[in-house]
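**Student:** Chain by chain, the residues:
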Amino acid sequence: MTAPAVELKKTPLNEAHRCMGGRMVDFGGWDMPVQYPAGTIEEHLRTRTRAGLFDVSHMGEIEVTGPDAISFVNRVTSNDVSKLVDGQAHYSALTTPEGTVVDDLLVYRFAAHRLLLVVNAGTTEKDWDWIAGARGGENLELRNASSSYCQIALQGPDAIEILKPLTDVSLSDIKYYHFSEGQVDGVAAIVSRTGYTGEDGFEVYAAVDRAEQIWNKLLDAGRFGADDGILPCGLAARNTLRLEAGMALYGHEIDESTTLLEANLGWICKLNKGDFTGREALAKQKVSGITRRLIGFEMTDRGIARDGQDVVINDARVGKVTSGSPAPYLKKNIGMAYVPTELANEGAAIQIDVRGRLIGAQIVKTPFYKRAR
Amino acid sequence: MANVPDNLHYSKDHEWVRVDGDVAIVGITDYAQNSLGDVVYVELPKAGDEFAAHEAFGSVESVKAVSEVFSPVTGSVVEVNSSLNDEPEKVNNEPYEAGWMIRVKMQTPLEVDSLLTAAEYEDFTKAEKE
Chain H
1 MTAPAVELKK
11 TPLNEAHRCM
21 GGRMVDFGGW
31 DMPVQYPAGT
41 IEEHLRTRTR
51 AGLFDVSHMG
61 EIEVTGPDAI
71 SFVNRVTSND
81 VSKLVDGQAH
91 YSALTTPEGT
101 VVDDLLVYRF
111 AAHRLLLVVN
121 AGTTEKDWDW
131 IAGARGGENL
141 ELRNASSSYC
151 QIALQGPDAI
161 EILKPLTDVS
171 LSDIKYYHFS
181 EGQVDGVAAI
191 VSRTGYTGED
201 GFEVYAAVDR
211 AEQIWNKLLD
221 AGRFGADDGI
231 LPCGLAARNT
241 LRLEAGMALY
251 GHEIDESTTL
261 LEANLGWICK
271 LNKGDFTGRE
281 ALAKQKVSGI
291 TRRLIGFEMT
301 DRGIARDGQD
311 VVINDARVGK
321 VTSGSPAPYL
331 KKNIGMAYVP
341 TELANEGAAI
351 QIDVRGRLIG
361 AQIVKTPFYK
371 RAR
Chain B
374 MANVPDNLHY
384 SKDHEWVRVD
394 GDVAIVGITD
404 YAQNSLGDVV
414 YVELPKAGDE
424 FAAHEAFGSV
434 ESVKAVSEVF
444 SPVTGSVVEV
454 NSSLNDEPEK
464 VNNEPYEAGW
474 MIRVKMQTPL
484 EVDSLLTAAE
494 YEDFTKAEKE
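In the order they appear, the protein sequences are chains H and B. Taking the working numbering, the leading residue of the first sequence gets 1, the next gets one more, and so forth. Taking the working numbering, the leading residue of the second sequence gets 374, the next gets one more, and so forth.
If you are wondering where the hints come from, they were derived from the structure by calculation, not from laboratory data. Treat the hints with caution; some may be incorrect.
To be verified - Dumping the calculated DSSO-like pairs for lysine-lysine here, alpha-carbon to alpha-carbon at most 30 Å: (1) K499/B - K385/B; (2) K385/B - K331/H; (3) K331/H - K370/H; (4) K83/H - K175/H; (5) K126/H - K320/H; (6) K502/B - K9/H; (7) K286/H - K270/H; (8) K284/H - K126/H; (9) K10/H - K419/B; (10) K273/H - K175/H; (11) K286/H - K126/H; (12) K419/B - K9/H; (13) K164/H - K217/H; (14) K385/B - K332/H; (15) K270/H - K502/B; (16) K385/B - K419/B; (17) K83/H - K217/H; (18) K320/H - K365/H.
What you are looking at is a predicted structure, and each value in this text was computed from that prediction instead of being measured.
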């Protein structure tokens, strides 16, 4: 446990995490809680059954404003921004000319001339450079506003009831992947019905100096401390929740070596929307077919697959695990991996090389977990 | 503050040893289980397997990570705690009792004298934390 060579970045909730017993780790240069005293499993289960609270203020925010905002973002991302209406958001990707992924992101449309891009923490600077570098003669302004926003995710079946008394926004009128501007505990905020857990819930964006106020208010409203109350959740639970929900994590399932089609993200590839970076490569790959594909698997033997381990099919090493972990709610050991397309068949038996031992697994459908609606 | 019982011996790899004649009962310390977080899987050797001191005899997995567990002494395994297959959480809840991992017949019982005392181990974990 040596001292970090460079000063870690801190979210406005850093002190709150430490006071609550959060175990802090270096996450892509950020000093973040990996878990709280309740532990990862309890945090995960509580989010599935009640509510969990996540500090995701490390995420980056890039504002794009001006008459050409939509056409510009449409040119650098794969989903069709022209389909968004005011108050709507979508999942998308910044793509390379090869159709691989610079980053995955959310695009929020406030107005035709005002968009907000929410990007991963570890890639914020890379994304900023990429986006700024892609800019041509468009009439627009770009602002890296990452240090102006805090972002707090309230997730789980109780989320709506917890947030309701604290906000003037009519939550039940916000559809999934829509958002509204209003107040949370009297503080100007963006309330977005989005998340990374597979549960219903909201992500609240507000000014950094109000982060602690909102965080504490949500914990109180969620009866933190009660057996069935809300729990603050660390990065470990955030990861197991998203994995159960079959969602990609940048740097694991997707990066600059994987195309969107290989990663099962064809649904955010709008090849007919007009030109965008990587469109040609993706259109070509769609015709020629992909040679490998991201699959989900669950272990059929005792053992836990981990990131980077080899996938073995018919005695041949054919791919790598991108994420592997216990799934606390499903009580199984699951993972995702790239395998050759011709072998990517649901139900097929595979093996994972777990530190030198071949452990049996089976290809299954993703998402592993889907909430009842 | 981690619990460090006085009557045990400790390794710098965060295992404890309870001496029972020429048999060493081995597990991981409270400090170790707390650092790992929720233990979800324990891989243990078989009775009869032999290990040298500081050799890995198994692994403990939390949700997030895998850690090897090292034998603090040289000898052969006479019994493993197979109840950890179904209840790995015992390692978290009772690291010095129900969470024990293996019983090793020691080749040289005096070897335990080279391990840390409770007070020494406490100082060691404090230093490691800083």
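**Student:** All the hints need checking, so say for each whether the structure fits it.
**Tutor:** Here is how each hint holds up against the structure:
| no. | hint | verdict |
| --- | --- | --- |
| 1 | K499/B - K385/B | holds (12 Å) |
| 2 | K385/B - K331/H | violated (33 Å) |
| 3 | K331/H - K370/H | holds (14 Å) |
| 4 | K83/H - K175/H | holds (16 Å) |
| 5 | K126/H - K320/H | holds (25 Å) |
| 6 | K502/B - K9/H | holds (21 Å) |
| 7 | K286/H - K270/H | holds (12 Å) |
| 8 | K284/H - K126/H | holds (27 Å) |
| 9 | K10/H - K419/B | violated (46 Å) |
| 10 | K273/H - K175/H | holds (24 Å) |
| 11 | K286/H - K126/H | holds (27 Å) |
| 12 | K419/B - K9/H | violated (46 Å) |
| 13 | K164/H - K217/H | holds (12 Å) |
| 14 | K385/B - K332/H | violated (33 Å) |
| 15 | K270/H - K502/B | violated (51 Å) |
| 16 | K385/B - K419/B | holds (24 Å) |
| 17 | K83/H - K217/H | violated (36 Å) |
| 18 | K320/H - K365/H | holds (18 Å) |
The structure shown violates the earlier hints numbered 2, 9, 12, 14, 15 and 17.
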